[in-house]
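Undergrad: If you want the building blocks of each chain, they are given just below.
Number of protein chains: 2
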Amino acid sequence: MWSTGLPREAVAHRAELSRTRANAAVASLMEQGLLEQAGPQASTGGRRAETLRLARTLGVVLAVDLGATGLDVAVLTPDLRILERHAEAMDVRRGPGLVLSRVRALLRELLARCGATPRQVLAIGLGVPGPVDFDHAQLVAPPLMPEWDGFSIRDDLRADYAAPVFVDNDVNLMALGELWRLQRSLKNFVVIKVGTGIGCGIVCQGQVYRGVNGSAGDVGHICVDPQGPRCHCGNLGCVEAMAAGPAIARMATEAAQAGKSPMLAQLLDERGVLTPADVAQASRAGDAASNAIVQRAGALIGQMLASVVNFFNPSHVFIGGGVTRTGPLFLASVRQSIYHRSLALSTRHLEIQYTPLGDEAGVVGAGALALQQAMLQGATA
Amino acid sequence: MWSTGLPREAVAHRAELSRTRANAAVASLMEQGLLEQAGPQASTGGRRAETLRLARTLGVVLAVDLGATGLDVAVLTPDLRILERHAEAMDVRRGPGLVLSRVRALLRELLARCGATPRQVLAIGLGVPGPVDFDHAQLVAPPLMPEWDGFSIRDDLRADYAAPVFVDNDVNLMALGELWRLQRSLKNFVVIKVGTGIGCGIVCQGQVYRGVNGSAGDVGHICVDPQGPRCHCGNLGCVEAMAAGPAIARMATEAAQAGKSPMLAQLLDERGVLTPADVAQASRAGDAASNAIVQRAGALIGQMLASVVNFFNPSHVFIGGGVTRTGPLFLASVRQSIYHRSLALSTRHLEIQYTPLGDEAGVVGAGALALQQAMLQGATA
Chain A
0 MWSTGLPREA
10 VAHRAELSRT
20 RANAAVASLM
30 EQGLLEQAGP
40 QASTGGRRAE
50 TLRLARTLGV
60 VLAVDLGATG
70 LDVAVLTPDL
80 RILERHAEAM
90 DVRRGPGLVL
100 SRVRALLREL
110 LARCGATPRQ
120 VLAIGLGVPG
130 PVDFDHAQLV
140 APPLMPEWDG
150 FSIRDDLRAD
160 YAAPVFVDND
170 VNLMALGELW
180 RLQRSLKNFV
190 VIKVGTGIGC
200 GIVCQGQVYR
210 GVNGSAGDVG
220 HICVDPQGPR
230 CHCGNLGCVE
240 AMAAGPAIAR
250 MATEAAQAGK
260 SPMLAQLLDE
270 RGVLTPADVA
280 QASRAGDAAS
290 NAIVQRAGAL
300 IGQMLASVVN
310 FFNPSHVFIG
320 GGVTRTGPLF
330 LASVRQSIYH
340 RSLALSTRHL
350 EIQYTPLGDE
360 AGVVGAGALA
370 LQQAMLQGAT
380 A
Chain B
0 MWSTGLPREA
10 VAHRAELSRT
20 RANAAVASLM
30 EQGLLEQAGP
40 QASTGGRRAE
50 TLRLARTLGV
60 VLAVDLGATG
70 LDVAVLTPDL
80 RILERHAEAM
90 DVRRGPGLVL
100 SRVRALLREL
110 LARCGATPRQ
120 VLAIGLGVPG
130 PVDFDHAQLV
140 APPLMPEWDG
150 FSIRDDLRAD
160 YAAPVFVDND
170 VNLMALGELW
180 RLQRSLKNFV
190 VIKVGTGIGC
200 GIVCQGQVYR
210 GVNGSAGDVG
220 HICVDPQGPR
230 CHCGNLGCVE
240 AMAAGPAIAR
250 MATEAAQAGK
260 SPMLAQLLDE
270 RGVLTPADVA
280 QASRAGDAAS
290 NAIVQRAGAL
300 IGQMLASVVN
310 FFNPSHVFIG
320 GGVTRTGPLF
330 LASVRQSIYH
340 RSLALSTRHL
350 EIQYTPLGDE
360 AGVVGAGALA
370 LQQAMLQGAT
380 A
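Quick mapping for you: the protein sequence lines, in order, are chains A and B. So the first sequence is numbered by numbering that gives the first Met the number 0: it starts at 0 and just counts up by one. So the second sequence is numbered by numbering that gives the first Met the number 0: it starts at 0 and just counts up by one.
In case anyone wonders, no lab produced these hints; they're calculated from the structure. Remember, predicted model here, so these are calculated numbers, not experimental data. A few of these clues could be false.
The list makes no distinction among identical chains, and a pair is therefore deemed to hold if it is satisfied within one copy or across any two copies.
[Unchecked claim] Within a straight-line C-alpha distance of at most 20 angstroms, the following computed SDA-like cross-link-like pairs (lysine to any residue) qualify:
id	residue 1	residue 2
1	Lys186	His315
2	Lys186	Arg209
3	Lys259	Gln294
4	Lys186	Gln206
Next up, chain A with everything else stripped away, as it sits in the complex:
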């Protein structure tokens, strides 16, 4: 696993150097304070292997994953191990001023807990749930958070940090995080996030693909039923309007009110509203109406993903976002729907699974963006 360092033996192999030259190079990098020993690896019976990693003294990376209904903030090592992390509920529609002042307070607190100072921050990465003008680190007409349109996130964070700030769409960052975790061993895959909205990160030929206007992967408004309900975008039957978090909550409320689920009815009584998390909980507890809702959402998302698979023929579809907490039933429904609607050749070796990085995919991806872009800037400066 990339985040725990690299055995010394592997260095020569990876760098295509002789062992003698590799040892000399490692010694030089350790003398310069760029590499350090992470302690021996677990014994495999023979001589204990030493593990090398980027030196912790190099500095830290800050990562922020803004969702529509929550924020997730972390301090990471330069090899993207999480040192401190904090997640809390937050409505991004409260606007950039309020949300970012909370983000900055949390970053200060986490940095202090690590014993690090703002000057030790190497780079900052932010994921946001909307279309991004990547060069200007700004959101462009984001449907879920209109108050953020054109706001300079970079300028806001510059008040606290001299480090460079990079912003990208949250799902692109999940894709980048998985690409990093996999050490770029997969070349063509997609990451789908199902939360308040539905978005898709695309890795094509080993790179995150953003499209001509940065809006690639905007799959939430793919039509899955021309006779479906009207979406906030104005069209009928968008998958987001029929299967994302708010649609799941709406179906749950209807089931509770129609007397189809005593479990959901009781939760509705207690709290006044139902959330996708309630449906997930009830489904795991065996509630038939909740299972039907989960299966319906999974089937519709799978139908949309079948279009993606037919068009893009990826090796993997990774599914992330709040919906993953629903458990295996949702994943099984998505799988069934994709296999049913895609061509045999496209699905012969296709893997469909929840994101291996789990709920860390967002901050790890934001950290990977920050490091990657800071190094690119350094290389061209």
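Chain A is already provided as a structure; the job is to place chain B on it using the hints.
TA: Same frame as chain A, but now just chain B:
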């Protein structure tokens, strides 16, 4: 335009050489017989510019574009100018033996007309209407032409030619042809072919993208209506089953039999069957029922393309295949449907048009494949 050669002045600029060094390089290449003068360009008032091109004596490239219902064969110069070309109707389901023996006879005839011999053939490119195992130059379980499954096209053509043979999906080749024509100035676009089936060629980050199993762009079985008719693939409401050539012919026959179109009824009476070409002709002549069929097919294909545009965010959608002969009404319907169903950011700069290479896109693409792959083989040999 790339196929008419390059003005001598442009050589220094393109190769990033001084004019003196560029002139020396050109003189050397002409001495070796690799470049030749194509004669002066049209005068622009000043000194007449000389135009350079790859020497015709280098050899020729053979290109074959197999469609479901026709074949198109050409001999091209090494800079992909068509020297001789012949197209005729052919049912590919008659099997590889019969079809390829006709292809080989036509290639012999066209070569003779050019005054060239089989030994002067540099490379051979073939496009086929189905999924291709690119490395083995074979079709893999092609739904439109099952008899070709696993047949070695390469071995068949080796009987006549020592030149290397390359096979790819016909729509990938249309994409490659456009990439070549555009001198790689566009990085991310799609080419959609609407004929007996519906397929899509994808250019991503400046390269034709084939997907993990070579089946990328298989958009014909994207669902546009969950309540639609059953497709030969077994699913309901595939865009191919509702809007490709056979569906257009079926709608036309129904309109004629229901008395909705005297023009189509007369054509049906005369010939016993109706083809998409009949609908195109009647539509251009103002027949209301034919216009409705064209608009319905365009709207459904546009709905599928809206999914592609939302996911891939390309700069251009080029439309080719027999349907382009229908004229502007079909294109207008596709456009309207894409703009209606795609997000504003994705369509802000999107261009939707018929393939600029027109009905030459297939053979030019096959020629481009042959040259490109032969040069890659040469480079690694």
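Undergrad: Each hint needs a verdict: does it hold in this structure or not?
TA: Hints, one by one, checked against the model:
For a Cα distance limit of 20 angstroms, the shortest separation of Lys186 from His315 inside one copy, 10 angstroms, qualifies, whereas the shortest one across copies, 24 angstroms, does not. Within a single copy, Lys186 and Arg209 get their C-alpha atoms as close as 15 angstroms, and across copies as close as 12 angstroms, so both meet the 20 angstroms cut-off. For the identical chains of this complex, Lys259 and Gln294 are intra-copy neighbours only, at 16 angstroms inside a copy versus 44 angstroms across copies, given an alpha-carbon limit of 20 angstroms. In the homo-oligomer, the alpha carbons of Lys186 and Gln206 lie at most 20 angstroms apart both inside one protomer (7 angstroms) and across protomers (14 angstroms), since each shortest distance falls under that limit.
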